[in-house]
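Protein chains in written order, with numbering that gives the first Met the number 0: chain A, 0 to 256; chain B, 0 to 81; chain C, 0 to 366.
Derived by calculation from the structure, the hints in this document are not laboratory data. These numbers were taken from a predicted model, which means no experiment stands behind them.
Below 27 Å or equal to it, Euclidean Cα-Cα: the simulated BS3-like pairs (lysine-lysine) are: (1) C:Lys359 - C:Lys299; (2) A:Lys14 - B:Lys2; (3) A:Lys200 - A:Lys93; (4) C:Lys206 - A:Lys14; (5) A:Lys93 - C:Lys206; (6) A:Lys49 - C:Lys206; (7) C:Lys269 - C:Lys299; (8) A:Lys250 - A:Lys197; (9) A:Lys196 - A:Lys14; (10) A:Lys196 - B:Lys2; (11) A:Lys14 - B:Lys74; (12) C:Lys360 - C:Lys329; (13) C:Lys192 - C:Lys235; (14) C:Lys45 - C:Lys192; (15) C:Lys359 - C:Lys323; (16) C:Lys206 - A:Lys200; (17) A:Lys49 - C:Lys192; (18) C:Lys329 - C:Lys359; (19) A:Lys197 - A:Lys239; (20) C:Lys192 - A:Lys93; (21) C:Lys299 - C:Lys323; (22) C:Lys360 - C:Lys248; (23) C:Lys235 - C:Lys134; (24) A:Lys93 - C:Lys45; (25) B:Lys2 - A:Lys6; (26) A:Lys6 - B:Lys49; (27) B:Lys49 - A:Lys234; (28) A:Lys254 - A:Lys93; (29) A:Lys14 - A:Lys93; (30) B:Lys74 - A:Lys6; (31) C:Lys323 - C:Lys134; (32) A:Lys196 - C:Lys206; (33) C:Lys359 - C:Lys277.
Looking from chain A toward chain B, a few residues come up when the C-beta cut is under 7 Å (computed): (34) Glu5; (35) Lys6; (36) Thr7; (37) Leu9; (38) Ser10; (39) Gly11; (40) Thr12.
Cβ atoms here follow ideal geometry from the backbone N, Cα and C, with glycine treated the same way.
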Amino acid sequence: MTTTAEKTWLSGTPKLWVRHPAGSRQCPGCHHPIIERLIAEVVEEMGLAKDFIMVVGVGCYSRAIAVLDFDGIFTAHGRPPDVATAIKRTLRGKPIVMTLQGDGDCLAIGAEPLMNTVARAEKITILMINNLNYGTTGGQMAPTTLVGQVTSTTPQGRDPALTGFPVHAPESLAAYRGVAYTARGSVHTAANYQRAKKMLKAALQKQVDNIGLSFLELISACPPDWRLNPVESLKFIDEKVIPEYPLGEFKNLDKLV
Amino acid sequence: MPKGTITIDERFCKGCGLCAHFCARGCIVVPGDRFTPQGYLLPLFAHPEKCNACGVCGWLCPHFAIEAYKFAEGKAPTQVVV
Amino acid sequence: MAERILVQGNEAVGWGAVSAGVEAFFGYPITPQNEITEWFARELPKRGGVFVQSASETGSINMLYGGASTGRRVITSTSSPGWALMQEGMSCLANAELPCVIVMVQRAGPGQGTTRHAQMDYFSVTRGGGQGGYKNIVLAAASVQENADLVQLGFHLADKYRNPVVMLTDAVIGQMAEPLELRTLDLGPLSPKDWALGGKGAHADGKRRVLSCGQGQVPLEPYTTYLQFIRVLDQKYRTMQEQEVRYEKYHLEGARLVVVAYGYCARVSKEAVAQARKEGLKVGLLRPITVWPFPYQALKDLALGGAGFLAVEDSLGQMVDDVKLGVEGKGEVHLLGMLARHADTDAGMILPQRVLQEIKKVYPGGH
Numbered sequence: 000m001t002t003t004a005e006k007t008w009l010s011g012t013p014k015l016w017v018r019h020p021a022g023s024r025q026c027p028g029c030h031h032p033i034i035e036r037l038i039a040e041v042v043e044e045m046g047l048a049k050d051f052i053m054v055v056g057v058g059c060y061s062r063a064i065a066v067l068d069f070d071g072i073f074t075a076h077g078r079p080p081d082v083a084t085a086i087k088r089t090l091r092g093k094p095i096v097m098t099l100q101g102d103g104d105c106l107a108i109g110a111e112p113l114m115n116t117v118a119r120a121e122k123i124t125i126l127m128i129n130n131l132n133y134g135t136t137g138g139q140m141a142p143t144t145l146v147g148q149v150t151s152t153t154p155q156g157r158d159p160a161l162t163g164f165p166v167h168a169p170e171s172l173a174a175y176r177g178v179a180y181t182a183r184g185s186v187h188t189a190a191n192y193q194r195a196k197k198m199l200k201a202a203l204q205k206q207v208d209n210i211g212l213s214f215l216e217l218i219s220a221c222p223p224d225w226r227l228n229p230v231e232s233l234k235f236i237d238e239k240v241i242p243e244y245p246l247g248e249f250k251n252l253d254k255l256v
Numbered sequence: 000m001p002k003g004t005i006t007i008d009e010r011f012c013k014g015c016g017l018c019a020h021f022c023a024r025g026c027i028v029v030p031g032d033r034f035t036p037q038g039y040l041l042p043l044f045a046h047p048e049k050c051n052a053c054g055v056c057g058w059l060c061p062h063f064a065i066e067a068y069k070f071a072e073g074k075a076p077t078q079v080v081v
Numbered sequence: 000m001a002e003r004i005l006v007q008g009n010e011a012v013g014w015g016a017v018s019a020g021v022e023a024f025f026g027y028p029i030t031p032q033n034e035i036t037e038w039f040a041r042e043l044p045k046r047g048g049v050f051v052q053s054a055s056e057t058g059s060i061n062m063l064y065g066g067a068s069t070g071r072r073v074i075t076s077t078s079s080p081g082w083a084l085m086q087e088g089m090s091c092l093a094n095a096e097l098p099c100v101i102v103m104v105q106r107a108g109p110g111q112g113t114t115r116h117a118q119m120d121y122f123s124v125t126r127g128g129g130q131g132g133y134k135n136i137v138l139a140a141a142s143v144q145e146n147a148d149l150v151q152l153g154f155h156l157a158d159k160y161r162n163p164v165v166m167l168t169d170a171v172i173g174q175m176a177e178p179l180e181l182r183t184l185d186l187g188p189l190s191p192k193d194w195a196l197g198g199k200g201a202h203a204d205g206k207r208r209v210l211s212c213g214q215g216q217v218p219l220e221p222y223t224t225y226l227q228f229i230r231v232l233d234q235k236y237r238t239m240q241e242q243e244v245r246y247e248k249y250h251l252e253g254a255r256l257v258v259v260a261y262g263y264c265a266r267v268s269k270e271a272v273a274q275a276r277k278e279g280l281k282v283g284l285l286r287p288i289t290v291w292p293f294p295y296q297a298l299k300d301l302a303l304g305g306a307g308f309l310a311v312e313d314s315l316g317q318m319v320d321d322v323k324l325g326v327e328g329k330g331e332v333h334l335l336g337m338l339a340r341h342a343d344t345d346a347g348m349i350l351p352q353r354v355l356q357e358i359k360k361v362y363p364g365g366h
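Input sequences plus hints: build the corresponding full structure.
In structure tokens form, the structure reads like this:
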């Protein structure tokens with residue numbers, strides 16, 4: 000990654016991303032490491048690296064703690080919001096604390112930590128990567144699995160009569176008074192990648208400005224568990240995922256009301 | 000005249016094909032006859048002369064195998080060697 | 000002249016914790032330890048500390064994990080049903096090697112059980128109810144003063160070994176009121192917590208710090224392999240067992256019968272032993288202060304000297320197994336358990352008269 004008189008570096012491996020043996024086991028075409036790049040770029044551009052503490056839950060994204068060059072901690076499944084709360088409070092609000100979780104980690108096993116962290120209006124940032132299933136363990140149904148989606152625990156396709164309907168986190172969390180920002184983005188096109196970066200910056204700024212809790216959901220492809228190849232997965236996001244999970248900001252307050 | 004260039008590190012490529020899919024200029028192709036030791040299909044920066052330094056391949060490669068560069072004004076090589 | 004106050008056992012925990020410089024408490028309501036949570040809610044913010052009420056004990060233990068990762072002294076407290084919820088958290092604390100203190104005020108079980116005393120969680124606390132065979136020092140208080148002093152010792156040992164420490168009491172010790180001398184114990188120097196999180200800017204070398212409860216899956220600095228990490232744990236636990244055994248000796252000189260008891264049963268047994276000595280019986284009490292590591296060697300030495308043993312505990316028989324392990328078959332081991340309570344309601348206790356009766360029954364050679 001050299002910049003010489005002849006050429007300037009544009010994109011690829013940002014400064015805060017460092018290759019690590021434990022960090023390179025992602026499936027071909029997975030979007031989680033694209034999100035690692037996004038986080039690294041945002042933290043660098045906002046100048047937050049020396050104050051940043053990332054709290055990762057359990058999933059394929061957990062490897063982010065190995066490759067991102069700032070303080071981090073890996074927690075029990077679903078527990079990042081509790082761990083992040085305690086870090087933020089014990090250090091008297093000084094660091095910028097962000098959780099990195101999956102859809103199952105955040106909304107299923109992590110529902111108790113999530114709802115209560117939101118209720119207590121903790122000033123942290125929650126980043127939930129949504130790939131519509133439990134990817135690491137082989138593709139089981141998650142709260143965000145689409146109706147009709149085939150997973151290893153809904154082999155006939157998700158049936159609402161048996162397993163209910165997909166959960167829309169940023170829309171629901173916007174209703175809580177302690178929440179200053181919720182949004183949903185994706186990284187499946189260059190334009191969406193840049194928009195998602197802006198969303199993460201806005202989310203982290205709520206913490207920097209001490210306003211309230213911020214929540215960002217980012218859609219990620221999971222080609223093997225979606226039973227699609229990486230390029231087909233992009234089309235699936237456009238045709239099936241975004242109609243269910245619209246992209247955009249749902250709440251953006253300068254002050255809690 | 001190309002505006003930029005890229006490097007593809009074949010040690011880290013997992014043959015997902017996103018780079019070829021996203022390159023708006025068709026600079027990157029997947030020939031189908033080159034593989035990594037793990038058996039992933041390797042892409043090829045087949046048309047370097049068309050690169051317009053958009054950086055999208057670098058931003059969207061999930062496996063940190065691509066670095067994208069922009070040539071300084073007037074510094075693009077007249078003869079492109081890949 | 001040190002200040003002395005008359006205070007409930009539960010509240011003494013708070014006094015001990017602030018003497019040790021505690022900065023944060025995370026907890027959830029549960030009887031019979033609510034006085035601990037409420038003490039911290041009143042007193043910690045006054046002293047610039049942090050109080051957070053979690054949404055469950057799974058919440059408290061995971062908040063403790065987060066608080067401990069910053070290197071500050073942090074504490075939680077709970078009772079038996081909440082302790083059950085903390086098991087995964089204890090296991091994660093062990094993997095991430097985080098120092099902290101967990102106060103466990105036992106109540107009867109199983110299940111929701113009663114809200115009153117018992118000693119039925121001994122196995123769970125000393126063997127570890129969570130996954131992976133980790134170990135932690137368990138300090139058993141038998142007085143209001145110990146509630147305060149052992150919390151301070153707990154913080155010291157937690158920092159020394161980078162491991163959680165459990166301070167074990169029961170509803171009797173928690174609810175009783177006794178004089179407490181407010182004192183800060185000088186327990187010796189500790190190494191700086193270079194491993195703690197705070198943002199890269201907080202570290203002298205400017206490099207990142209990472210902590211993980213998944214050392215094994217994804218080995219992170221300072222570990223590169225799973226077994227390397229396991230060897231460190233093994234060494235840590237061996238050192239604890241070699242260096243941290245603590246117990247109280249009461250009338251053990253020439254004892255032909257040794258009563259072994261902890262917590263409220265130790266108070267009851269002490270009275271019985273004192274009475275037995277008055278009546279000419281050579282009986283003593285060995286009170287473990289660390290129930291892990293358990294004073295196995297002391298018991299073995301007493302057994303080799305010809306003593307018999309009477310384990311007194313308010314359970315169906317848990318600590319008695321450790322007595323048997325220590326004695327190694329070289330002496331007789333008897334149990335006086337919770338079926339000897341004086342009443343069938345949840346208020347029933349093992350009383351001194353009952354212990355004395357049993358002492359006379361099992362005294363070697365009769366009396």
